[in-house]
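Number of protein chains: 2
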Amino acid sequence: MRDVAILGIGVTKFGELWDKSLRDLFVEASLAAMDDAKVTKLDMIYAGCMTGGLFNGQEHIGSLMADYLGTGPIPALRVESACASGGSALASAVIAVASGYYDVVLAGGVEKMTDVSGGKATEALGAAADADYELFLGATFPSLYAMMAVAHMHAYGTTRKALTEVSVKNHFHGSKNPKAQYPFEITPEAVLASPMVSEPLHLLDCSPITDGAAAVIVVPLEKVKKDKRAVRITGFGRSTDTIALHQRKDMASIGAVARAAEAAYKMAGKTPKDIHLAEVHDCFTIAEIMSYEALGFCPKGKGGEFVLSGATRLGGRIPVNTSGGLKAKGHPVGATGIAQVCEITSQLRGEAGQRQVKGARTGLTSNMGGSGASAVVHILEVNK
Amino acid sequence: MRDVAILGIGVTKFGELWDKSLRDLFVEASLAAMDDAKVTKLDMIYAGCMTGGLFNGQEHIGSLMADYLGTGPIPALRVESACASGGSALASAVIAVASGYYDVVLAGGVEKMTDVSGGKATEALGAAADADYELFLGATFPSLYAMMAVAHMHAYGTTRKALTEVSVKNHFHGSKNPKAQYPFEITPEAVLASPMVSEPLHLLDCSPITDGAAAVIVVPLEKVKKDKRAVRITGFGRSTDTIALHQRKDMASIGAVARAAEAAYKMAGKTPKDIHLAEVHDCFTIAEIMSYEALGFCPKGKGGEFVLSGATRLGGRIPVNTSGGLKAKGHPVGATGIAQVCEITSQLRGEAGQRQVKGARTGLTSNMGGSGASAVVHILEVNK
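Protein sequence lines, in the order shown, are assigned to chains X and H.
Position one of the first sequence corresponds to residue 1 (my numbering), numbered consecutively onward.
Position one of the second sequence corresponds to residue 1 (my numbering), numbered consecutively onward.
Rather than coming from a laboratory, the hints here were simulated on the basis of the structure.
Possibly wrong hints are sitting among the right ones.
Any copy will do: because identical chains look the same in the list, a pair fits if it lies in one copy or spans two.
Computed list of lysine-lysine pairs in DSSO-like fashion (alpha-carbon distance at most 30 angstroms, straight line) [as the list claims (entries may be wrong)]:
| # | residue 1 | residue 2 |
| --- | --- | --- |
| 1 | 41 | 249 |
| 2 | 249 | 176 |
| 3 | 41 | 266 |
| 4 | 302 | 223 |
| 5 | 38 | 161 |
| 6 | 226 | 161 |
| 7 | 266 | 223 |
| 8 | 120 | 384 |
| 9 | 20 | 249 |
| 10 | 358 | 223 |
| 11 | 41 | 270 |
| 12 | 176 | 223 |
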C-alpha cells in the first residue's frame with residue numbers, strides 16, 4: 001500500500017452558470033487541475049456526480065468526461081454517494097493509487113443543477129433520502145434538517161443565534177473567495193428576515209442550488225517527495241447510517257461522520273487537536289454545528305456555543321469553511337467533496353490569499369450525503 | 001498488491017418482479033452471496049446501478065443497500081458506468097481488496113426497471129448515450145446498435161442469419177437456466193417474425209427490460225488458498241470510448257472492449273486461446289458478434305461466421321453466454337456485469353448443472369456500457 005498525495009487542484013466558478021454544461025464544467029475543473037499538477041496524461045478518472053440522471057438526463061458520467069477531457073480512451077468511472085459523491089471519488093482515487101494499479105488519477109466532482117425548475121431540483125435532491133419512505137411522503141431535505149435542528153435545540157439548548165452565526169461566518173469567509181456563488185457578507189438580521197423554509201430554518205440557513213465542478217490529481221507520494229506544493233493525504237474514513245432519518249436512535253447527532261472521522265484520525269495518527277482548519281458539510285447551518293461535535297472539535301451538544309465563541313472564524317482556534325462553505329461558496333452536490341479538498345490544499349500550500357490560515361499544516365474535510373446516511377472524511381498534511 | 005478471489009455468489013430470479021423493490025432485490029442477492037461465502041460481516045459494499053434516479057427516483061444506492069442489508073454502518077458506495085456498472089463494481093472491489101484496505105468486500109449490481117412505463121425505460125436507458133447529442137435527437141439504443149449492425153454488415157458481409165443465431169443460441173442456453181427471464185428456446189423463424197424495432201434489429205434481437213440483482217464476495221486469495229469453491233480473479237481491464245457513436249472512426253467495432261480485454265489478458269498472462277468460456281454483453285445480437293472480435297475469439301469481421309460455426313454453443317470450442325446472456329436471461333442493467341461473473345464462477349466450480357461446460361478452468365466476462373463507451377473485462381480461473 002503506497003502513500004499518496006495531491007499534486008494539482010482545479011475549481012470552477014460556482015453559481016448559476018447558464019452558459020456552461022455538465023461536461024463543460026467537469027472539463028474546465030479537470031484541465032485546471034492537470035495544469036496545476038503539470039500532467040498531461042491520466043491513468044484513471046473517478047467522477048463524483050449525484051444525479052446526472054435527474055438533473056440532466058445524463059448518466060455514464062465517467063465515460064462522458066473522459067471523452068470530453070480528451071485524454072484518450074482511459075478508464076473512467078462515476079461514483080455516487082449523494083452529496084458525498086465528491087469525497088467518495090477522492091477516497092476511490094486514493095485506494096486506486098495506493099493499490100499500485102494506477103499512478104496518475106483524477107478525482108473530480110460535478111453537478112449542473114440549474115437545468116431543472118419548478119421544484120424539480122428539490123425532488124432530485126430528495127433522491128438522496130429514502131425515496132419510498134421519506135420523499136414520497138413529502139419529507140424534503142430542508143424539512144429533514146429542520147427536524148434535526150429541533151432535536152438538537154431540544155436536547156442541548158442550541159440557539160437560533162448559533163444557527164445564524166454559522167451562516168454569517170461562512171458568508172464572511174465566502175466574501176474573500178472570488179469563486180463563491182455568493183461572495184458577500186450578510187448580517188444576522190438578514191438571516192432572520194429571510195423567508196422561513198422549514199422551521200427553524202430560514203432561507204439563509206440553507207445552501208443554494210449551484211452549478212460547478214472541482215478536480216484534484218492524486219499521485220504516489222514517492223513521486224513528489226520534494227514537491228512542496230504537493231499535499232499528503234494521510235488518512236481517510238468512510239461510513240454510512242440508516243438512509244431514513246426516522247430510523248436513527250439519535251436525530252441530534254450524525255453518527256456516520258463520527259465513525260468516518262474516527263477511522264480517518266486513526267489512519268493519520270491524529271486527534272482533533274492536531275487539526276488546524278477544516279471544511280465541513282454545512283448544507284444547512286445545523287449540519288455544521290453537528291459536524292463540529294461529530295469531528296471532535298468540541299464536546300457533544302456544545303456545537304452552538306463553539307461557533308458563537310468565534311473558534312471557527314478566520315483567526316480562531318480552528319477556522320471552519322474558510323472557502324465560504326456550502327452556504328456561501330455554493331453546493332453543486334457532486335463537486336462539493338472535491339471543492340473542500342481544493343480549499344484545504346490551497347491553505348496548506350499557503351496560497352489561500354485573503355482567507356489564508358496562518359501556519360496551517362494539517363487540515364480536514366468532512367463530506368456528507370443525505371441526512372447523514374453517508375460520510376467521507378479526509379486528513380491532509382503539508383509535504384515535509 | 002494482493003491477489004484476490006471470489007468466495008461467494010448470489011443472483012435473484014430475473015424478470016418482471018412486481019412484488020420486489022430495488023432494495024429487496026439487492027438485499028436478496030447479497031444475502032445469497034454472503035451465505036454462499038459463509039461470511040456474516042462485510043468491510044465495504046460497491047453497488048453497481050445505472051440509474052436508480054430515472055427508474056426509481058432513488059440515488060444514494062450504496063448507503064441504502066448497506067442499511068437494508070443490515071450489516072451495520074459499513075462504508076458503501078454506488079459505482080456507475082451505464083450497463084457496465086456491475087463490472088465496474090467488481091473492478092472497484094478487486095482494487096479495494098488488492099490494496100489491503102479491505103478484506104471482505106461485496107460487489108453487487110441491481111436495477112429495477114419495471115417501475116416506469118410509456119417509453120420511460122428507453123428514455124432512462126438513453127441516459128447512457130450522449131444525452132445532448134444522441135438521445136435528444138431521437139437516437140435510442142436500438143437505433144444506435146442498428147447502425148452498428150448495418151456498418152458491420154456493410155464492412156464484413158455479416159448476415160441476418162448470424163444475428164438470428166445469436167438470439168437462438170442464447171435462448172437455447174437460457175432454457176437451461178431457471179433464473180432466466182425467458183427460460184425457453186426460440187426458433188429462427190420466431191426471431192424474423194418478431195416486430196422490427198430498428199432495421200435490421202427485430203424485437204428478438206434486443207435484450208429485455210428486467211428487474212434483478214446479483215452479488216459476489218471478494219476476498220484476498222491468501223485467505224482462501226485451500227478452498228476449491230473459491231475462484232481467482234487473475235486479470236481485469238477497463239477502457240472507454242467516445243460517448244457518442246457518431247464520433248468513432250469505426251462503427252463496426254467496439255474499441256473499448258478490445259482495449260479492456262488486452263489489459264485483462266496481459267494482467268492474467270493469458271491469450272484468447274486460453275479462455276474456455278465467456279459471458280459477453282449481448283444487449284443486441286450484433287453486440288455479441290462484435291464482442292467475439294474485440295475479445296480476440298475470432299478475427300475481425302468474422303464474428304458472424306463464428307457464431308454460425310457453432311463454436312460458441314454449449315459443446316463448442318468456447319461456449320459464450322451459457323447463462324442465456326442478456327437476451328434470454330434478462331438485462332437488469334446495473335446487475336448484468338455481476339451476473340456474468342456469477343455464471344462463470346458457477347461454471348468454474350462445476351456447479352452449472354445442465355449448462356455445465358466440461359473442463360472449464362478459465363473464463364472471461366465482458367461487460368459494456370452504452371454503445372461501447374465503456375467496457376470492463378475480467379478473467380477468472382479455478383483455484384488450484
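Okay, the hints, checked on the actual structure:
For a Cα distance limit of 30 angstroms, the shortest separation of residue 41 from residue 249 across copies, 22 angstroms, qualifies, whereas the shortest one inside one copy, 48 angstroms, does not. Within a single copy, residue 249 and residue 176 get their C-alpha atoms no closer than 39 angstroms, and across copies no closer than 48 angstroms, so neither meets the 30 angstroms cut-off. Taking the closest pair of Cα atoms, residue 41 and residue 266 come within 30 angstroms of each other only across two copies (21 angstroms); inside a single copy the shortest separation is 33 angstroms, beyond that limit. Taking the closest pair of Cα atoms, residue 302 and residue 223 never come within 30 angstroms of each other, the shortest separation being 43 angstroms inside a single copy and 46 angstroms across copies.
When the C-alpha separation of residue 38 and residue 161 is checked against a cutoff of 30 angstroms, the pair qualifies neither within a copy, at 46 angstroms, nor between copies, at 53 angstroms. Within a single copy, residue 226 and residue 161 get their C-alpha atoms no closer than 47 angstroms, and across copies no closer than 63 angstroms, so neither meets the 30 angstroms cut-off. Both within a single protomer and between protomers do residue 266 and residue 223 lie at most 30 angstroms apart by alpha-carbon distance, with minima of 25 angstroms and 25 angstroms respectively. For the homomeric pair residue 120 and residue 384, neither the shortest alpha-carbon distance inside one copy (47 angstroms) nor that between copies (55 angstroms) is at most 30 angstroms.
Taking CA atoms no more than 30 angstroms apart as the test, residue 20 paired with residue 249 passes between copies only; the shortest distance there is 28 angstroms, against 43 angstroms inside one copy. With identical chains, the CA atoms of residue 358 and residue 223 are at most 30 angstroms apart within one copy only, with a shortest distance of 27 angstroms there and 48 angstroms across copies. Taking the closest pair of Cα atoms, residue 41 and residue 270 come within 30 angstroms of each other only across two copies (27 angstroms); inside a single copy the shortest separation is 34 angstroms, beyond that limit. For the identical chains of this complex, residue 176 and residue 223 are neighbours neither inside a copy (33 angstroms) nor across copies (53 angstroms), given an alpha-carbon limit of 30 angstroms.
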